[in-house]
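Participant: Residue numbers (the working numbering), protein chains in the order written: chain B, 1 to 623; chain W, 1 to 98; chain L, 1 to 198.
Mixed in with the good hints there might be a few duds.
Computed list of lysine to any residue pairs in SDA-like fashion (alpha-carbon distance at most 20 Å, straight line) [to be verified]:
(1) W:Lys10 / L:Asp89
(2) B:Lys418 / B:Gly345
(3) B:Lys538 / B:Trp504
(4) W:Lys10 / W:Ile55
(5) B:Lys31 / B:Val47
(6) B:Lys31 / B:Asn501
(7) W:Lys10 / L:Arg87
(8) W:Lys10 / W:Phe22
(9) B:Lys280 / B:His373
(10) W:Lys10 / L:Arg91
(11) B:Lys538 / B:Pro565
(12) W:Lys10 / L:Phe140
(13) W:Lys10 / L:Gly110
(14) W:Lys10 / L:Val95
(15) W:Lys10 / L:Arg94
(16) B:Lys538 / B:Asp505
(17) W:Lys10 / L:Met73
(18) B:Lys31 / B:Trp608
Computed Cβ-Cβ distance ranges for the label pairs, DEER-style [what the hints assert, rightly or not]:
(19) W:Ser40 / B:Phe611: 47 to 55 Å
(20) L:Gln197 / W:Ala51: 44 to 52 Å
(21) B:Trp24 / L:Phe140: 33 to 41 Å
(22) B:Trp24 / L:Gly122: 32 to 40 Å
(23) B:Pro557 / L:Leu153: 44 to 52 Å
(24) L:Gly139 / B:Pro556: 51 to 59 Å
(25) B:Ser286 / L:Leu98: 48 to 56 Å
(26) L:Phe140 / B:Pro314: 48 to 56 Å
(27) W:Ser40 / L:Phe140: 25 to 33 Å
(28) W:Phe65 / L:Gly102: 44 to 52 Å
(29) L:Val95 / B:Ala238: 49 to 57 Å
(30) W:Ile83 / B:Thr372: 22 to 30 Å
(31) W:Ala51 / L:Gly102: 52 to 60 Å
Treat the hints as calculated values from the structure; they're not laboratory data. These numbers come from a predicted model, not from an experiment. Every residue gets a Cβ at the ideal spot worked out from N, C-alpha and C, and that includes glycine.
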Amino acid sequence: MATLTPTVDAATPAHHAPSGVWSWLTTTDHKRIGLLYGVSALLFFLVGGVEALLIRLQLAAPDGTVLSADAYNQMFTMHATTMVFLVIMPAAAAFTNYFLPILIGARDVAFPRLNALSYWIYIFGGLFLTISFFVGGAPDGGWFGYAPLSTQVPELVRMDYWALGVQILGLASLLSAVNFITTVFTMRAPGMTMMRMPVFAWMALVVAFLLLFSLPIIAVGLFEVFFDRNLGTLFFDAAAGGRPILWQHLFWLFGHPEVYILILPAMGIVSEVLPVFSRKPLFGRSFVIFSGIAIGFMGFGVWAHHMFVAGLGPVAEATFALTTMFIAVPTGVKIFNWIGTVWGGSVRLKTPMLFSLGFIAMFVIGGLSGVTHSIVPSDTQQHDTYYIVAHFHYVLFGGAVFGLFGGIYYWWPKITGKLLHEGLGKLHFWLMIIGFNLTFAPMHILGLRGMPRRTYRYPDGLGFEFWNFIATVGSFTIAVSILVFLVNAWRTRKRGEVAGNDPWDGRTLEWTTTSPPPEHNFDVVPVVHSEDDFWHRKYSEDEHGNAVPVPGGYEPPKAGQDDPPIHLPSPSYYPILSAFGMFLTVLGLVYVPWGLFLAGAGVVTIVWGLFGWSMEPVTREGH
Amino acid sequence: MTAIDRPHPKPRDYVRIALILFVITAAEVSVTYVDALDSSRAVLLLTMSAAKFAIVVGWYMHLRFDSRIYRNLFMLGLIAAPILFGAVLLSFGLLIGN
Amino acid sequence: MVVATDQTEHAGHPDPTNVGKVAMWAFLGSECLFFGTLISTFLLYHNTTLDGPTAQEIFDVPFTSVSSFVLLMSSLTMVLAHYAAGRRDWRRMRVWLLATAGLGLVFLSGQAYEFTNFVHEGLTVTTSPFGSAFFVLTGFHGGHVAIGVLMLLATTFMSFSGRLHEGQGMNVELVGLYWHFVDIVWIVIFTVVYLLQV
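Let the sequences and hints guide you as you build the complete structure.
Facilitator: Structure follows, in structure tokens:
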């Protein structure tokens, strides 16, 4: 099995660093899986970004001719589908995979092969969706696939790609959720009580519960859409007594928790970065944690605010208006606690800190426009206009993406052992925040002036021209900022400053390991005595509450002769095989009835993969 | 605290539980044939099926005697479903005046 | 909420049985939402029968009662299998596992027979939203039973092939939890769909 004898292998960290493509295809190491998620998310970010730039080129001037109406529908559908399912969720998964076990003092997640399976399903799901572009057109019914539009035109398979693609991506996330919940509940290090867990770990846990309970709802909805399209069922066929609004309920029962799934990891990252770069503990830490939990619960109670123009009636609308207003409260609590963290701290404005501060500012703006949506009459005017587009880009880009970039700059040295260049990082940040605001701030105005969403062109003379042009300029500014980041990333391979274990003077357990960490994470499983355990081992407090370095510093314990051997999960090809089987299955299902042969081959592959998996021991002898 | 510390149920106990489940099922089916009970049929049936549900979950699935974590995980889903879908069905005008 | 008991005294050495059960119960919590959605779709459409058969016209409650009884008894055989596994009586465990799988197959045959009858009597997935919702709900339940039968057979096979390592008892317990869950979903379906004939 992959057993290490700590005394030998701590001295030779390269002992268990397998290399080659096969080692990546069969890896069960959470850190490698995290890296795979991260690189993949970045690639899809570029794809989704190009889709956005094409949209902006089309809308830069009235009566645009860059994209046909059909192409435009595909662009806005795929831009959103890509960003939500192939970029932001996997980017969060990248950080959760890489760091959750380390933050709680564990050596890996509860189910390493299941972890790998989630990644491979994601990649095959992304590949599956991408294929659609080349075989007659990508999904074009919006990322939210409203029925009966999504159930019509069965002879074009685009929305079959959408329904099945989102379905398996959802499965990948559901399996991850089970994995992370189990990991947090069963694998924390000694002394790591729930309340001592870092806030990022807590947010990952809340996200896992949101996924666990929202994904099954959309799974059923997607099956119903697929069956209406291919089996002739009548779930959303109004002429036959079906109720299309049922789809809206099912989608948003998932879709609203989904937006908290998108934002909470970034909030977790910000909660880690601010204390480190303010040299102060997170203000009101337990309030931040409980607010995250509250957001999770309340996130299930606001879904119909996406349906205020669907004719639900005043009772339902008033109810959801109230619940939506209330959910601003725990978010506000977080904002104030973050501000309280920075206030009076010894602030270092490094790039991770800039992105985190940017997050707070941009997310507050997005949150405020969100509060205006909670008021039913004003939402009735805003709905389906660019005002909504402005809102969700402020919270998803200004919020989630900024937070995730903060995480990239913060954790890059730990993952790669090198620091990203600080000057280029700052350039990236400033170009991005300027470009971002140029792009999306005008959309508030455009929306209130009546510019509708999802419309491929607008005529001259409606007052939309100037701000659309500015927005397009802004979007290309964002693109330049991303290029700066890519240059920075490429540059550090050869010329990056070596980071060492603890380049930021961090507070949490990941900074006690080498950069990058050894495969087994910790030579000796840490025994935790408090939150921010690492910080309290480096520093004590004088009578004024100032941090005073502990004489001699802190060295994490090295493994000795008496420490038990470390068992690591062995690599396996069954996860990628099973995921490939799922890919074949959904591809075949798109083309029923003759595709059933391919789907059948896919099912056989899945069964083979799962059977082999169950027969294979987790750790093999004689590695 | 673990299941091992308690006296373990014997097969005979499990059979007894199965008999109880059978009796409740028989009662449920009978209720549908007794016209006099029509007005309270829904309440009676839902109560009886809830009882069977609780018995299987509590004893066969051992939830009554196991770690609180398992119960919390399951109950979160079990309680969320009727609340969320009760709201959805209410919005369609169902469930009221039934 | 789910503020877990402090497991830190066992930390660093997670108990594999506990790990599996946390995962399974989390998954079952998720499945409550899955079947809740299907059942709610059915409740929405239970009266939308168009020109097709209605519930009162087409359901055969006595037949379905026997089906329900079969599935209930399979929970008994399942728990007896688990009991045998706990006592490391592998032969008896296999007998009860196969009995459970057998009862599951009987249930599925009953479903197949019932559905075939319904189709002959004019109720299909395409007849009406009621038909769509009924068949999709019971179809997914049947699919879950089928997967359960496969897992029971696989566990039996692993026992035959001598995989009597310490994890054996744990596998049966997890399969059992899944199987009982499929049974309790049927308890709800039987009442709400058939008996209530709402």
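Participant: Determine for every hint whether it applies to the structure shown.
Facilitator: Structure-based check of each hint:
A threshold of 20 Å between alpha carbons decides the hint, and for lysine 10 (chain W) with aspartate 89 (chain L) the separation of about 14 Å falls inside it, so the pair holds. Taking the CA atoms of lysine 418 (chain B) and glycine 345 (chain B), the gap is about 27 Å. The hint is violated against a cut of 20 Å. A hinted pair counts as satisfied when its Cα atoms are at most 20 Å apart, and lysine 538 (chain B) with tryptophan 504 (chain B) qualifies at roughly 13 Å. A distance of roughly 16 Å separates the Cα atoms of lysine 10 (chain W) and isoleucine 55 (chain W); the hinted pair therefore holds under the 20 Å criterion.
Annotation: proposed proximity of lysine 31 (chain B) to valine 47 (chain B) is violated, straight-line Cα distance about 25 Å (limit 20 Å). A distance of roughly 16 Å separates the Cα atoms of lysine 31 (chain B) and asparagine 501 (chain B); the hinted pair therefore holds under the 20 Å criterion. Between lysine 10 (chain W) and arginine 87 (chain L) the CA atoms are separated by roughly 11 Å; this keeps the pair inside 20 Å, and the hint holds. Annotation: proposed proximity of lysine 10 (chain W) to phenylalanine 22 (chain W) holds, straight-line Cα distance about 19 Å (limit 20 Å).
At most 20 Å may separate the alpha-carbon atoms for a hinted pair to count; lysine 280 (chain B) and histidine 373 (chain B) exceed this at roughly 36 Å. Restraint check for lysine 10 (chain W) and arginine 91 (chain L): satisfied, since their Cα atoms lie roughly 18 Å apart, inside the 20 Å limit. Between lysine 538 (chain B) and proline 565 (chain B) the CA atoms are separated by roughly 28 Å; this puts the pair beyond 20 Å, and the hint is violated. A threshold of 20 Å between alpha carbons decides the hint, and for lysine 10 (chain W) with phenylalanine 140 (chain L) the separation of about 34 Å lies outside it, so the pair is violated.
Taking the CA atoms of lysine 10 (chain W) and glycine 110 (chain L), the gap is about 31 Å. The hint is violated against a cut of 20 Å. Taken as a hint, the lysine 10 (chain W) and valine 95 (chain L) pair is honoured in the structure, with Cα atoms around 17 Å apart against an allowance of 20 Å. Only pairs whose Cα atoms come within 20 Å are accepted, and lysine 10 (chain W) paired with arginine 94 (chain L) is accepted, the gap being roughly 18 Å. Note on lysine 538 (chain B) and aspartate 505 (chain B): the hinted pairing holds, with a Cα-Cα distance of about 9 Å set against a maximum of 20 Å.
For the hint pairing lysine 10 (chain W) with methionine 73 (chain L), the CA-to-CA distance comes to about 17 Å; that is within 20 Å, so the pair holds. Our distance criterion of 20 Å between C-alpha atoms is broken by lysine 31 (chain B) and tryptophan 608 (chain B), whose separation comes to about 27 Å. At roughly 50 Å, the beta-carbon separation of serine 40 (chain W) and phenylalanine 611 (chain B) lies within the given 47 to 55 Å, and the hint holds. Between glutamine 197 (chain L) and alanine 51 (chain W) the Cβ separation comes to about 20 Å, which falls outside the hinted range of 44 to 52 Å.
For the pair tryptophan 24 (chain B) and phenylalanine 140 (chain L), the beta carbons lie near 36 Å from each other, so the given range of 33 to 41 Å is met. Checked against the hint of 32 to 40 Å, the pair tryptophan 24 (chain B) and glycine 122 (chain L) fails, with Cβ atoms roughly 56 Å apart. Between proline 557 (chain B) and leucine 153 (chain L) the beta carbons are some 48 Å apart, a value that agrees with the proposed interval 44 to 52 Å. Checked against the hint of 51 to 59 Å, the pair glycine 139 (chain L) and proline 556 (chain B) passes, with Cβ atoms roughly 55 Å apart.
As the Cβ distance of serine 286 (chain B) to leucine 98 (chain L) is approximately 52 Å, the hint placing it in 48 to 56 Å holds. Between phenylalanine 140 (chain L) and proline 314 (chain B) the CB atoms are about 36 Å apart, so this pair departs from the stated range of 48 to 56 Å. The hinted window of 25 to 33 Å between serine 40 (chain W) and phenylalanine 140 (chain L) holds, with their beta carbons roughly 31 Å apart. For the hinted restraint 44 to 52 Å between phenylalanine 65 (chain W) and glycine 102 (chain L), the CB-CB distance of approximately 29 Å leaves it violated.
Separation of valine 95 (chain L) from alanine 238 (chain B) is about 53 Å and conforms to the stated range, judged on CB atoms against 49 to 57 Å. Between isoleucine 83 (chain W) and threonine 372 (chain B) the beta carbons are some 28 Å apart, a value that agrees with the proposed interval 22 to 30 Å. In this structure the supplied range 52 to 60 Å is violated for alanine 51 (chain W) paired with glycine 102 (chain L), their Cβ-Cβ distance being about 27 Å.
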